[in-house]
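Enquirer: Below are the chains, spelled out letter by letter.
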Amino acid sequence: MEAIWDCLKQVYDPELGVNIVDLGLVYDLQLKEGKASVVMTLTTPGCPMHDTIVGGVKRALEALPEVDSSEVEVVWDPAWSPSLMSDEAKEFLGYM
Amino acid sequence: MFRLPFLFIITGIISFALFQIFSLLDLATWLSTLGDWPRYPTGWSRVHLLVLGWATMIAMGAVYQLIPVVLQNQSLYSRKLGFVHYGFFAVGTAGLLIGFQTMLLPLIASFATLAFIGILLFAINLGITLYRAKKWNTVTISAACAVSYLVLAGLSGMLMGLNFYFDQWGSYHDQLFGAHLWFGAIGWFGLLITGFSYKMLPMFYLSHGHPEKLQKVVIGLWNAGVLVGASSFLFNAPGWVKWSGLLLIVLALITYSLHLSEIYQHRHKLDPGAGMKWTQNLARGMTVVAILVLVLYPFFPEIMAESRTYVIMGWIYLWGFIGLTLLSYLSKIIPFLWWTHKYGPLIGKGKIPTMADLINDRVVNICLTVIVSSLFVVLLGLGWNQPIVTSLGGSLLALSSLYYAGTLARVFLK
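Sequence order for the protein chains is R and P. Per my numbering, the very first residue in the first sequence carries number 38; after that it's consecutive. Per my numbering, the very first residue in the second sequence carries number 7; after that it's consecutive.
Source of the hints: derived by calculation from the structure; they are not laboratory data. In this text the structure is predicted, and so the values were computed from the model without any measurement. By construction, the Cβ of each residue, glycine as well, lies at the ideal position given by its N, Cα and C atoms. Any given hint might turn out to be false.
[Said to hold, decoys possible] Stretch by stretch, here's where chain P covers chain R in the computed footprint (C-beta under 8 Å, at least three residues):
1. 59 to 68
2. 100 to 112
[Stated by the list, open to error] Straight line, CA to CA, 16 Å or less: simulated EDC-like cross-link-like pairs of lysine to aspartate or glutamate:
3. P:355 <-> R:128
4. P:355 <-> R:43
5. P:248 <-> P:180
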């Protein structure tokens, strides 16, 4: 599973310059019989990067040998909060 | 969805560059003439190149780009209609500019009608999109009101164009002209910029948990201001009614600036980019100027009634607030558009540039600083009636603006 989390770190929010794991956008990650399922959110409903980031997550997952297919569900409840960011992300954005 | 906003934005940038080139070719002497006699062929043509060819073109592109985003990825009612709208509006505007410059009245009347048809198609497309989505919030309400005022500005403009030809209305033409300015400059641009800022600024500042109550106050005050201001001209109301319209807009600007401070206080990103910082400062600056005008208006009614004062105030509002805010936003909108088109499909496949890599933020800041400084020189020249100073400031403004347009255009090479 660690490899899958690492691969999600390749998916960056292109405006913020921080990956989606450190931003705290990924709520859940499961791998069952080659199918990866991600439950995630975005920093704001109606994020202009919605389709781009979801597409990126699927591409990153499906590039892994242990993943045959993937499913990404974007949820708004619970809503994202800045407290979900890692210390690295907060420091990068100048907010500590 | 990339091509439609791109088409409007690229046309807007070309119009902007053309406007600056024309200004450089006559060393901005047209601006001095505008200060002495605001309504003359070249003045009409240049102002409409800026307002329709650039600002409205960019604003329409931004609406096509941002409304589906605000509606949480609900698509536009019809992209085809968007392209037809572009055709009517672009051809109508181009013909209108030539009509103004040459004062060929049939040309003005017919192309004003084409441009107005374009505006109507835009309003229909956006109206159906919003009606279907049924997601009413401060951004969508502001956009809907803004586009309604654009229709009214277009209608009054088209009627003036027809009256140039048929010459039937006498002094009512001037009353219509005042309403045209209120609907277009304050209603359309003002509500669109304030409304989109409620989405753009929190997004780039990564603001979270800021109160949104003041947004509704701004919408109420701004609409009331536009309706009072435009009606005061349409019905030739006394000066205090005109002043009341201005008062409402000043109150709206104060509330808007306060709300931007709330967004800033709840930020989680220290540096949102120069464009976003400028947006906030421009709103504050415009608020201070508007308060000064409001307070001085009753004490100096003769100066306030002079056409030169109107030109100066118009230039501060249209260039200093609307134009510069659009330029500031473009430093984010263009990298976003291009990044999504070129690098969006590559996300998750390895290292790719971020949006910040597509434009040099330091250059953006320097350009905007020089543009603002040049604008001050223009205003100084107009205020003191010194054509040489106006010409110097206007030429600097054109040069720095051209460089900025180049900086924006270079994003498409990355």
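Enquirer: Decide, hint by hint, whether the structure agrees.
Expert: Hints, verified against the model:
no. : hint            : result
1   : 59 to 68        : violated (count 0)
2   : 100 to 112      : violated (count 1)
3   : P:355 <-> R:128 : 25 Å, violated
4   : P:355 <-> R:43  : 13 Å, holds
5   : P:248 <-> P:180 : 15 Å, holds
Violation of the numbered hints given earlier is confined to hints 1, 2 and 3; the remaining hints are satisfied by the structure.
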